[in-house]
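S.K.: So you can see what is in the structure, the chains are spelled out below.
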Amino acid sequence: MPRELTRMTAAELSAALARNEVSATEVTQAHLDRIAAVDGRVHAFLHVAADNALAQAREIDDERAKGIRRSPLAGVPVAVKDVFTTIGMPTTCGSRILQGWHPPYDATITRRLRQAGAIILGKTNMDEFAMGSSTENSAYGPSRNPWDLARIPGGSSGGSAAAVAAYETPLAVGTDTGGSIRQPAAVCGIVGTKPTYGGSSRYGVVAFASSLDTPGPFGRTVLDTALLHEAISGHDPCDSTSIDAAVPPVVAAAREADVSGMRIGVVTELSGEGYQPGVLSRFAEAVELLESLGAKVTEVSCPHFRYALPAYYLIAPSECSSNLARFDAMRYGLRVGDDGTRDAEEVMALTREAGFGAEVKRRIILGTYALSSGYYDAYYGKAQQVRTLIIRDFDAAFGQVDVLVSPATPTTAFPIGERADDPMAMYLADLCTIPSDLAGNAAISVPCGLAPEDGLPVGLQVMAPVLADDRLYRVAAAAEAAFAGRWGRPLLAQAKGL
Amino acid sequence: MSITREEVAHLARLARIALSDAELDHLAPQLNQIITAVAQVQEVTAEGIPPTSHATGLTNVFRDDVPAGCLTPEQALDQAPAVEQQRFKVPRILGED
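Going down the list, the sequences are from chains A and B.
At position 15 of the first sequence (counting the first as 1) the number is 15 in the working numbering, and the numbers step up by one without a gap.
At position 63 of the second sequence (counting the first as 1) the number is 63 in the working numbering, and the numbers step up by one without a gap.
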């Protein structure tokens with residue numbers, strides 16, 4: 001029985017709990033057992049909150065005994081990326097500078113998960129301060145891809161994706177700044193969504209690039225991902241960039257799964273050189289599949305997308321250099337070298353030297369450069385103009401089609417170590433995902449098969465206009481159902497067991 | 001466009017990161033490579049194009065000023081590296097003279 005519970009989807013667990021076939025405590029224990037059995041190899045978690053989770057599960061079971069059901073997710077486990085603040089659990093952001101930090105407040109999304117009755121299993125590994133595409137930038141060692149433990153699970157939310165793919169949890173939350181949800185979802189063969197910017201609260205999400213950071217859901221199915229999307233979304237007065245509008249009907253769209261008559265645009269610029277042949281062939285099949293389901297497919301050009309990566313690597317580091325100035329060794333976190341002889345500035349510099357890893361230092365210095373007075377117009381200013389042009393490309397495209405599609409990543413999961421000290425090669429992993437971060441629109445990655453050359457998962461990216469997140473789920477659910485019919489089982493069932 | 005080792009050392013000082021010589025040797029060429037790549041944005045004709053700092057176009061967001069709970073001094077100081085007399089204890093900020 002416990003083994004089967006970890007194979008169930010969140011929707012199935014929710015139904016089984018509602019029918020009193022299983023208790024939240026049994027569900028939670030089964031997942032904690034699974035974590036104990038496999039996480040030594042996967043290293044998806046930085047902190048497992050077993051006692052907290054079981055206490056929360058008992059509380060939900062007490063309520064269930066009284067006929068109270070808080071939400072569809074009551075009693076369903078979830079893992080939380082270590083960038084969300086959590087009372088009673090450490091929050092490290094994968095950094096030495098926050099080792100052992102216990103935040104005094106919950107992120108809005110943490111609070112919403114608790115209120116919904118979801119069981120928080122623990123905190124998942126990530127690239128330090130969400131900067132990276134592999135989790136290799138975590139100060140606590142990389143997570144591993146459950147499909148092949150020698151390969152990266154993607155990043156920066158790689159721990160969340162690996163935990164879901166390894167059946168350690170049915171659901172997880174992450175954050176997407178340049179692709180940090182969609183890229184790990186794609187390479188781990190699961191579903192991950194970057195909601196519309198401002199659709200999910202950033203309050204209590206340790207900031208990397210504030211104009212880009214977007215929390216979002218992971219699941220093994222499109223419906224599960226929609227259920228979590230709905231649970232964490234909605235206006236938050238604590239986040240001034242939060243959008244005061246109704247949450248798009250993502251769960252209903254995931255259930256409808258109908259693309260007949262939908263206009264789907266294939267982005268010309270997100271293809272060709274630099275893309276793995278097996279990724280392109282699986283993507284082409286996915287497009288044909290959508291067409292066979294009644295969608296009208298056309299090709300759409302977004303000419304400025306080729307400048308999205310350079311613009312991103314000016315904007316994100318600039319914001320990061322400002323945001324990470326808060327790690328000053330004064331009020332919380334690491335303090336190094338305070339021996340009574342050094343002044344505050346020296347202690348600050350020694351602490352940041354010891355507390356930050358190489359990629360974080362690279363980006364802080366790059367951002368400091370891009371924002372410096374002599375270079376501001378040529379770099380940051382120009383990147384902001386390019387951002388406008390990318391938004392205009394999206395606007396023009398969405399004038400012709402309902403959604404855009406592309407591969408989610410140019411390649412499948414690469415071996416751990418391959419790009420670890422080659423920043424430009426690492427940055428290319430986010431080639432397809434960055435445009436939607438710059439424009440703030442919604443995008444999802446859904447599995448579309450295995451690349452023939454390496455047998456590893458490929459993700460189909462669907463992009464929708466701002467606040468049209470429901471369209472993502474309509475398309476992804478239709479693709480998922482059609483693929484399941486073709487494969488005879490979910491993609492993840494083809495991974496060899498751990 | 002290129003960046004020298006000395007410029008990287010200067011930027012690191014501005015960013016309050018005490019880089020070692022070995023790190024400078026390693027970082028400077030990498031940053032040079034990255035800056036060369038990101039400089040591609042300069043190819044784009046963007047005359048008269050307004051900059052975007054925030055994608056969804058919100059401007060000022062106001063709310064009523066309502067008193068609410070906040071952290072207690074104990075909670076605020078709980079994670080401090082050093083505390084004295086219910087205050088954050090920090091290294092000296094001004095010079096001796």
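Certain hints may be false.
[As the list claims (entries may be wrong)] These stretches of chain A come out as covered by chain B in the derived footprint (C-beta under 8 Å, 3 or more residues):
1) 70-78
2) 152-165
3) 191-199
4) 233-245
[Unchecked claim] As a list, the in silico EDC-like pairs of lysine to aspartate or glutamate whose alpha-carbon atoms are at most 16 Å apart:
5) A:K296 - A:D402
6) B:K89 - A:E256
7) B:K89 - B:E74
8) A:K296 - A:D328
9) A:K496 - A:D148
10) B:K89 - B:D78
11) B:K89 - A:E285
12) A:K296 - A:D258
13) A:K66 - A:D51
14) B:K89 - A:D339
15) B:K89 - A:D338
16) B:K89 - A:E345
Hints were generated in silico from the structure; no laboratory data involved.
C-beta atoms are modelled at their ideal positions from N, C-alpha and C, and glycine is treated no differently.
S.K.: For the region 152-165 of chain A, do three or more residues have a beta carbon lying closer than 8 Å to a beta carbon of chain B?
M.R.: With 0 residues closer than 8 Å to chain B, the region 152-165 of chain A misses the three-residue bar; violated.
S.K.: Quick one, are K89 of chain B and E345 of chain A close enough, alpha carbons at most 16 Å?
M.R.: holds (14 Å)
S.K.: If you look at each residue in the region 70-78 of chain A, do at least three have a Cβ nearer than 8 Å to any Cβ of chain B?
M.R.: violated (count 0)
S.K.: Between the alpha carbons of K89 of chain B and D338 of chain A, is the straight-line distance 16 Å or under?
M.R.: Roughly 11 Å between the alpha carbons, so the hint for K89 of chain B and D338 of chain A holds.
S.K.: Taken at face value, is the distance from the CA of D339 of chain A to the CA of K89 of chain B at most 16 Å?
M.R.: holds (13 Å)
S.K.: Holds or violated: K89 of chain B and E256 of chain A, Cα atoms, limit 16 Å.
M.R.: violated (58 Å)
S.K.: For the pair supplied as a hint, K296 of chain A and D258 of chain A, confirm whether the alpha-carbon distance does not exceed 16 Å.
M.R.: Cα-Cα ~13 Å, so holds.
S.K.: Does D51 of chain A sit within 16 Å of K66 of chain A, going by the straight-line distance between their CA atoms?
M.R.: Between K66 of chain A and D51 of chain A the Cα gap is close to 23 Å, so the pair fails against 16 Å, i.e. violated.
S.K.: CA of K89 of chain B to CA of E74 of chain B, is that 16 Å or under?
M.R.: holds (14 Å)
S.K.: Going straight from one Cα to the other, do K296 of chain A and D402 of chain A come out at no more than 16 Å?
M.R.: Answer holds: K296 of chain A to D402 of chain A is near 10 Å, not above 16 Å.
S.K.: Examine the region 233-245 of chain A: at least three residues should have C-beta closer than 8 Å to a C-beta of chain B.
M.R.: holds (count 4)
S.K.: Taken at face value, is the distance from the CA of E285 of chain A to the CA of K89 of chain B at most 16 Å?
M.R.: Violated, because 62 Å separates the two Cα atoms, which is more than 16 Å.
Of the numbered hints listed earlier, those contradicted by the structure are 1, 2, 6, 8, 11, 13.
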